[in-house]
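Taken in order, these protein sequences are the chains called A and B. Numbering-wise (my numbering), the first sequence opens with residue 100 and increments by one. Numbering-wise (my numbering), the second sequence opens with residue 33 and increments by one.
Everything labelled a hint here was simulated from the structure, so no lab data went into it. Ideal Cβ placement from N, Cα and C applies to all residues, glycine included. Hints may be right or wrong, so weigh each one.
With a straight-line cut-off of 30 Å between C-alpha atoms, the simulated DSSO-like cross-links for lysine-lysine are [said to hold, decoys possible]:
#, chain 1, residue 1, chain 2, residue 2
1, A, Lys177, B, Lys562
2, B, Lys241, A, Lys170
3, B, Lys363, B, Lys193
4, B, Lys91, A, Lys170
On the chain A side, residues computed to face chain B include the following (Cβ under 8 Å) [claimed, not checked]:
#, residue
5, Arg173
6, Val181
7, Asp284
8, Phe294
9, Leu295
Now for the letters of each chain:
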Amino acid sequence: MSNSSELELNGKQEFTITVYTENRIGILNRIAIIFSRRKINIESLNTSPSEIEHIHRFNILIHETEEVVRKLARQIEKQVEVLKVYYNTNEDIIWQEMALYKVPTDTIAEKVSVERLLREFGARAVVIRKDYTVFEATGHREETDKLIEVLQPYGLIEFVRSARVAIIKDSDGFNRKLREFERKDPGEEVIENEFLDKEKNVFSM
Amino acid sequence: MTTAQAEASTLTEPKTTTTVTGSVALLEGLIAEGTDTIFGYPGGAIMPIYDALYDYKEKLNHILVRHEQGGIHAGQGYARSSGKVGVVFATSGPGATNLVTGLADAQIDSTPLVCITGQVFAHLLGTDAFQETDVINITTPVTKWNYQVTDATEIPAVLAKAFYIARSGRPGPVLIDITKNAQLQLFEYEGYVPCEHIRSYRPKPIIRKEYIEQAAALINTAKKPFILFGQGVLLGEAEQEFKAFVEKSGIPAAWTILGAGAIPTDHPLNVGMLGMHGNYGPNVQTNSCDVLIAVGMRFDDRVTGRLDKYAKQAKVIHLDIDPAEIDKNVKADVPVWGDCKETLPLLTALVEEKTYPEWLAEFRAFDKEEHDTVIQKELNPETGEMTMGEVVNKLNELTHGNAIIVTDVGQHQMVACRYAKFNNTRSNITSGGLGTMGFGLPAAIGAKFGAQDKTVVAIIGDGGFQMTLQELGTIMQSGIDVKIMILNNRFLGMVRQWQQLFHEKRYSFVDITSPDFVKLAESYYIAGKKISEREELVSALEEMLNHNGSYLLEVMVAKEHNVFPMVPQGSSVSEIRLK
């Protein structure tokens, strides 16, 4: 969440950086070191195939000034296998994080009004087994945090939260341009190491 | 056969393939890219490539260096003097890690290199095998691009990509790590196709006409315009275009140390060197000009001094091929994105033909002050001890500014850049951004291989020489003709100067002792001489230059002599000190 008083104080706020890249081994590191070199903490990082084959999309959340973020974006875009970089404030995007909560089924069934819980937090039960139940909730950080608080007293077993994924409000033509780009100049398949654990397949003398 | 016929026949004839090893495909690719010289050192994980090289001795001149760092600095020297891509071979593990300093140096100084490292078998990756190290991840921050090959079929296309990336746009070092199995693997080789396009990579930004027009409008209304030029002019091979721009616009121009020689030292509009130990006028005038035109330079902190007091009064026009450089350190009022070979002529066409006699006279007045206070004494010292400046000046008189000067790092470097005459482009080869001591000797070897018709003089301090002096062995074995001039002040001079000026003369570990350099050279069958008297200087320099083959001249110079002018760290360029 951007904090307006903090913004006035040091000019820093949350920025979500969106990066389209080739699907290449090592590109994650090339991007990550642009931040670590400057001792900037990545608050959240999501990388996943985009809707277009061969093209990956990163969402990187950092807390910095716009001046710094602009320079970072140019350094990222300079990498050979990066296609395009955008950066946005929280005002410019719609974002979500997804969380999974594993709780003991008996306690939950006995002590909590599950129905109320699900409704209140927009959560849903993904798995219900005799021994445990897994809930899923999606929202901003504070919302998924709140459900931890609620479930903690009932024997929360395990919790996991995804990185932020964000849609840019002003993204007209993104999909069309990407499709066009891939159609005109198709990407290449990533080549992995085929030989790990297959010593016999290695050509040697 | 005409080109059209040739094209037609390649279309109709079935593709012929030959079965070759990955190693042979690599060497064929290098030849196709025009490589003639390789600097390298063999080892276990690159042995198949070296085995293949045995049959390519006629086509590829491999220079056996004495340490991989020497190899990569030689590759850099070669690239810098020739304008071609330097090629370096090293084995896995320590061989590869020894390249890291050179990669960092080439990365920060935009030097095109293709480095090939051997790697353990693909099935051993990640097992801590003998001489295995994670070369790709170690070198990622210091390469423009790198790639690990585990299958021979990848080699031709990856090599083509490597050369394209290394030389295009803002050049830089590229590393290909090839596992041993891929070097040995036989595959159907279809020939080498150079790479001309990578979809995710835009080497040159698109030129925006409106910025050219805005820049021209600013220049045409300026009263005190000032040009700063850097290595971008050399890298873009835009020396002629730059000269035309300077001469038509009539604007005084000053250089960064990597931009030296883009126009000759004696050009009437060349007003000297920028930066911490640059000339007085260009530093002071940076803070009095009204329009600052930066061409292919990146506003390094050694050039700008304190940024919040840097050219605040001026409108800034920045021409650069790398968009990440625009606004990085100094905000540009007009960003002229693009290759300066293309943008400069567009700008020249729009600028008015002018002269600025009064403005230029201001520079000359500062020159006079610097001459009277600093240069006069440096070149004609009253004391018995020789100064570095007078040695370099005498060298100029004998080479007439036509030699390639390669320097190491420190006081002698600043003095050489200040006082050496550069009539030609690509004749000042020095480690600018990284400041790598030990660069000089191996870079000079490479520079000579890259420009064999030129005299190459390596000017090196007694400290830096001892960092890579093993490369005397490379000189001995290759028979290359490099003139080595050690300016020995029996100190790590630049650190000592700072300790004197900023640390109350607490000379902490800067009094370095040296071996008998002449005897050392002699043991490598290199002729040499040591002098400490002024009377011997000219004849010794003549002897060095006229000697048939490499020669080492050790000149004993004043022990505690400082390089001035100097912009103290944390000061503004206009606060430059003359003493």
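Next on the checklist: Checking each numbered hint in turn, tell me which of them this model violates, lowest number first.
Outcome noted: 1, 3, 4
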